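Q: Sequences and hints are given; from them, build the entire structure.
Listed here are the chains, written in short residue letters.
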Amino acid sequence: MSLTSFLLLIGGGILTGTIGTLLGIGGGLFLVPYLVLFLNLPMHQAIATSILAVIATSSAGAVMNLERNLVNLRLGMSLEVATVVGAVLGGISANLLPGEILSLLFSVVLLVIAGMMLYRRYRPIPASALSPDGNLQARYRDEVSGEEVIYSVRNLGATSAISFLAGNLSGLLGIGGGVFKVPAMHLISGVPLKAAAATSNFMIGVTAAASAFIYFSHGHVNPVIASSTTLGALAGATLGIRLSRVLKTELITYLFVGLLILAAVQMLLR
Amino acid sequence: MANQLQRTERWVRRILRVGVWLSSSLMTISLILLTILEPQQGAIVSPALDEIFNALTHPTARTAVSLAYSGIFVLMLTPFFRVAASLVAFWSEGDWRYVGISGLVLIFLIGQLLYLLM
Chain Y
1 MSLTSFLLLI GGGILTGTIG TLLGIGGGLF LVPYLVLFLN LPMHQAIATS ILAVIATSSA
61 GAVMNLERNL VNLRLGMSLE VATVVGAVLG GISANLLPGE ILSLLFSVVL LVIAGMMLYR
121 RYRPIPASAL SPDGNLQARY RDEVSGEEVI YSVRNLGATS AISFLAGNLS GLLGIGGGVF
181 KVPAMHLISG VPLKAAAATS NFMIGVTAAA SAFIYFSHGH VNPVIASSTT LGALAGATLG
241 IRLSRVLKTE LITYLFVGLL ILAAVQMLLR
Chain S
1 MANQLQRTER WVRRILRVGV WLSSSLMTIS LILLTILEPQ QGAIVSPALD EIFNALTHPT
61 ARTAVSLAYS GIFVLMLTPF FRVAASLVAF WSEGDWRYVG ISGLVLIFLI GQLLYLLM
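Quick mapping for you: the protein sequence lines, in order, are chains Y and S.
270 is the number that this note's numbering gives to position 270 of the first sequence; each next residue is one higher, with no gaps.
109 is the number that this note's numbering gives to position 109 of the second sequence; each next residue is one higher, with no gaps.
Read the hints as simulated data drawn from the structure, not as lab findings.
In this text, all values refer to a predicted model and were calculated from it rather than measured experimentally.
The reader is advised that the hints may include incorrect statements.
[What the hints assert, rightly or not] Here are a few chain S residues that face chain Y, going by a calculated C-beta distance under 8 Å:
id : residue
1  : Gly19
2  : Val65
3  : Gly71
4  : Arg82
5  : Ser102
6  : Gln112
Where is the CB? At the ideal position from N, CA and C, for every residue including glycine.
A: This is how it looks when you write it as structure tokens:
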């Protein structure tokens with residue numbers, strides 16, 4: 001492997017880790033095309049490498065986010081049930097719907113979520129909605145404002161349904177569900193964006209782990225490529241956590257909306 | 001309740017930290033060894049679970065590659081242990097609702113894995 005390839009792999013991993021911990025998504029949406037386009041990796045090898053980078057991002061990010069009290073462990077575990085069931089059913093029913101319809105549906109949903117995120121940005125969740133008297137109560141200190149944020153989780157059933165859908169799409173389309181789960185936790189359950197991103201990041205590693213074994217056992221994991229990208233992702237996760245300590249929620253919202261639009265366009269062009 | 005939650009999170013953090021450190025150390029050592037050893041063409045092919053154990057018990061030039069596989073394997077196992085650690089921690093707290101939820105996640109994960117591997 002050339003030094004250029006090694007640096008490209010490390011760079012791809014750093015980007016995945018940074019964006020993954022900052023926004024609570026897996027990163028496969030851009031890491032897979034990056035590995036295919038810039039390093040000419042076969043698709044299965046690119047997906048396998050991406051899944052491992054996602055697990056690394058999730059595991060390293062979770063250590064730091066748990067220390068900061070940003071991960072709502074019980075919420076994450078509750079939603080994980082719906083996600084895993086959705087992923088299993090999605091994998092089984094993957095051949096029942098035409099791919100074009102799925103891609104179109106996926107893109108439309110992503111664009112609607114992007115619109116809702118922007119709408120919420122200008123009409124923030126009222127302070128009364130961040131009630132400390134509800135279910136799965138949690139608190140953390142916002143390092144940018146210095147304020148202690150106390151919140152509880154509303155409409156867990158609705159967010160579980162979205163997580164089921166996210167898991168289902170993960171099984172059907174081979175993508176992570178973070179782009180759905182973070183907005184659902186934020187918009188429907190009233191979880192602050194940073195806590196939603198941290199909780200989603202925590203969950204994504206668990207969802208990705210089962211798929212990783214399949215790719216591993218089928219021989220799609222190249223140890224040098226996977227190790228280089230994974231080590232980059234671990235470094236990126238640390239960088240992402242540091243950035244989330246200084247970036248304002250508004251900027252993270254805009255980054256997330258940009259990513260949703262990018263993912264929607266990419267899916268339409270498939 | 002807050003103390004119980006902190007204890008659970010501490011358990012999960014420990015598991016994650018060990019998994020991340022162990023896997024990243026193995027992968028780093030492997031990449032360094034591979035740079036020094038310059039393995040022959042074709043040394044990095046067809047990963048299989050038993051290859052890791054064979055190479056570790058019979059050290060050859062492929063040991064460096066096997067170390068990388070070991071690191072990757074540890075990384076893949078970390079989320080499973082994370083869920084198992086949550087289950088044990090919730091159990092020790094007597095939070096039966098979340099023992100059930102964690103157990104369900106673990107069963108689904110193992111079930112999905114077995115289904116896909118068959």
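Q: Classify the hint on glycine 19/S as holds or violated, based on whether any CB of chain Y lies nearer than 8 Å to its CB.
A: holds (6 Å)
Q: Should the hint that glutamine 112/S touches chain Y count as held when the rule is a Cβ pair under 8 Å?
A: holds (5 Å)
Q: Less than 8 Å between beta-carbons is the criterion; does arginine 82/S satisfy it with respect to chain Y?
A: holds (7 Å)
Q: Does valine 65/S pass the interface hint, meaning its C-beta sits closer than 8 Å to a C-beta of chain Y?
A: At 5 Å from the nearest chain Y Cβ, valine 65/S passes the 8 Å test, so the hint holds.
Q: Would the hint on serine 102/S be counted as holding, given a Cβ-Cβ threshold of 8 Å to chain Y?
A: holds (6 Å)
Q: Given glycine 71/S as an interface hint, is the shortest Cβ-Cβ distance to chain Y below 8 Å?
A: holds (6 Å)
Checked against the numbered hints above, the structure breaks none of them.
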